[in-house]
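Q: These are the residues of each chain, in order.
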Amino acid sequence: GAGVSQSPRYKVAKRGQDVALRCDPISGHVSLFWYQQALGQGPEFLTYFQNEAQLDKSGLPSDRFFAERPEGSVSTLKIQRTQQEDSAVYLCASSLRGQGKITGELFFGEGSRLTVL
Amino acid sequence: AQSVTQPDIHITVSEGASLELRCNYSYGATPYLFWYVQSPGQGLQLLLKYFSGDTLVQGIKGFEAEFKRSQSSFNLRKPSVHWSDAAEYFCAVGNQAGTALIFGKGTTLSVSS
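Chains as they are written, first to last, in this note's numbering: chain A, 1 to 117; chain B, 1 to 113.
Don't read these hints as lab results, they were simulated from the structure.
Every residue gets a Cβ at the ideal spot worked out from N, C-alpha and C, and that includes glycine.
Take these hints with a grain of salt, some might be off.
Claimed, not checked - With a straight-line cut-off of 30 Å between C-alpha atoms, the simulated BS3-like cross-links for lysine-lysine are:
hint, chain 1, residue 1, chain 2, residue 2
1, B, 105, A, 14
2, A, 11, B, 105
3, B, 68, B, 105
4, B, 49, B, 61
5, B, 61, B, 105
6, A, 57, B, 61
7, A, 11, A, 78
8, A, 78, A, 14
9, B, 49, B, 68
10, B, 105, B, 49
11, A, 57, A, 14
12, B, 61, A, 78
13, A, 11, A, 57
14, A, 78, B, 105
15, A, 78, A, 57
Claimed, not checked - Rough simulated footprint, nothing fancy, chain B against chain A, three-plus residues with beta-carbon under 8 Å:
hint, stretch
16, 11 to 19
17, 67 to 80
18, 84 to 91
Stated by the list, open to error - A few chain B positions that, by computed beta-carbon distances, are all more than 10 Å from chain A:
hint, residue
19, 6
20, 16
21, 18
22, 24
23, 27
24, 45
25, 64
26, 99
27, 101
28, 106
29, 112
30, 113
Bound conformation, chain B alone:
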């Protein structure tokens, strides 16, 4: 069965510093991978997605993620974090039936000044 692991429950980064959020997945075939962000009181918003092709994908708000098949990873990165990036971040993989996304437990990002 497909699964997603986000090893870091909570990360604190200084404003202006770089960020990397880890995501590992378990999937038999080529996965469809996603990163979503959830701000307090708001719905989940798609940051970026990977289906095939270039393993480095660009998303909104200056985020990017790199798919590494050999490591079963899809880590999210941002070169310079802004205070407004403080939120909950979820990695997800599409299930084989194409009927659902399977989410990780999330990583809470705090940004210190």
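Same shape as in the complex, but just chain A:
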């Protein structure tokens, strides 16, 4: 497809389970971002990739969160031992350009809504 694709769109997990969320960016886009959006809040930055290199992971809330982009295209956000506070929409975005001042448009996917029971 032409846009950023995320799967699954909805995920329900029991507390303590591991989850994996997938992001398929727009083909050829160098930059890839993960954001977490809690209910009624704005998106909060989690991590940034330039190609396969994870250049910024300062937003990951704990060591239970792990992201990878091994071939510089598809990315996976993994959350281990999920907790209720992890319930949120996880947004992926991609951008054509690499690091530097963010001048290019970020194209967002529709998000993966995670509910932890």
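Knowing the structure of chain A, use the given hints to seat chain B on it.
A: Coordinates of chain B only, in the frame set by chain A:
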């Protein structure tokens, strides 16, 4: 650290009336500023952006925003609102490292007929 404040959580405007959504930012240097819109079930879409130059920027769907350095503001405006404009609006600033956008908490716009 950079931050963005959107003072209005929810605004209701009559269809055809003008709209202004407020955004204030905290940033040490010249900011890169953005407005995004999020409709239910859809991804965030860029409305407009400011990097430098003319402080009044035009965007898609008839929106415009004005950068005012003295007030640290980047308010979004539209002269005549349509029912389809009902959505969540987010103001954002680029971080200094160039690795992320920092978003405000958003303003929900409702349009009444």
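Q: Now tell me, hint by hint, if it's right for this structure.
A: Hints, one by one, checked against the model:
1. B:105 x A:14: holds, 28 Å
2. A:11 x B:105: holds, 24 Å
3. B:68 x B:105: holds, 20 Å
4. B:49 x B:61: Roughly 14 Å between the alpha carbons, so the hint for residue 49 of chain B and residue 61 of chain B holds.
5. B:61 x B:105: Since the Cα atoms of residue 61 of chain B and residue 105 of chain B sit roughly 22 Å apart, the hinted pair holds (cutoff 30 Å).
6. A:57 x B:61: violated, 34 Å
7. A:11 x A:78: Holds, because 13 Å separates the two Cα atoms, which is no more than 30 Å.
8. A:78 x A:14: Holds. Residue 78 of chain A to residue 14 of chain A sits at ~15 Å (cutoff 30 Å).
9. B:49 x B:68: Holds - the C-alpha atoms of residue 68 of chain B and residue 49 of chain B are around 14 Å apart, at most 30 Å.
10. B:105 x B:49: With a Cα-Cα distance of about 18 Å, the restraint between residue 105 of chain B and residue 49 of chain B holds, given a limit of 30 Å.
11. A:57 x A:14: OK: residue 57 of chain A and residue 14 of chain A at ~26 Å, within 30 Å.
12. B:61 x A:78: The hint is violated at about 37 Å.
13. A:11 x A:57: With a Cα-Cα distance of about 23 Å, the restraint between residue 11 of chain A and residue 57 of chain A holds, given a limit of 30 Å.
14. A:78 x B:105: Holds. Residue 78 of chain A to residue 105 of chain B sits at ~25 Å (cutoff 30 Å).
15. A:78 x A:57: Holds - the C-alpha atoms of residue 57 of chain A and residue 78 of chain A are around 13 Å apart, at most 30 Å.
16. 11 to 19: violated (count 0)
17. 67 to 80: violated (count 0)
18. 84 to 91: That given contact is violated, which follows from only 1 residues of the stretch 84 to 91 of chain A lying within Cβ reach (below 8 Å) of chain B.
19. 6: With a cut-off of 10 Å, residue 6 of chain B comes too close to chain A, as the shortest Cβ separation is near 8 Å.
20. 16: holds, 28 Å
21. 18: holds, 24 Å
22. 24: holds, 14 Å
23. 27: holds, 12 Å
24. 45: violated, 8 Å
25. 64: holds, 17 Å
26. 99: violated, 4 Å
27. 101: Residue 101 of chain B not clear of chain A: closest Cβ-Cβ about 6 Å, inside 10 Å.
28. 106: Residue 106 of chain B not clear of chain A: closest Cβ-Cβ about 5 Å, inside 10 Å.
29. 112: For residue 112 of chain B, whose nearest Cβ neighbour in chain A is about 21 Å away, the distance exceeds 10 Å, so it holds.
30. 113: holds, 25 Å
Against the hints set out earlier in the document, violations occur for numbers 6, 12, 16, 17, 18, 19, 24, 26, 27 and 28.
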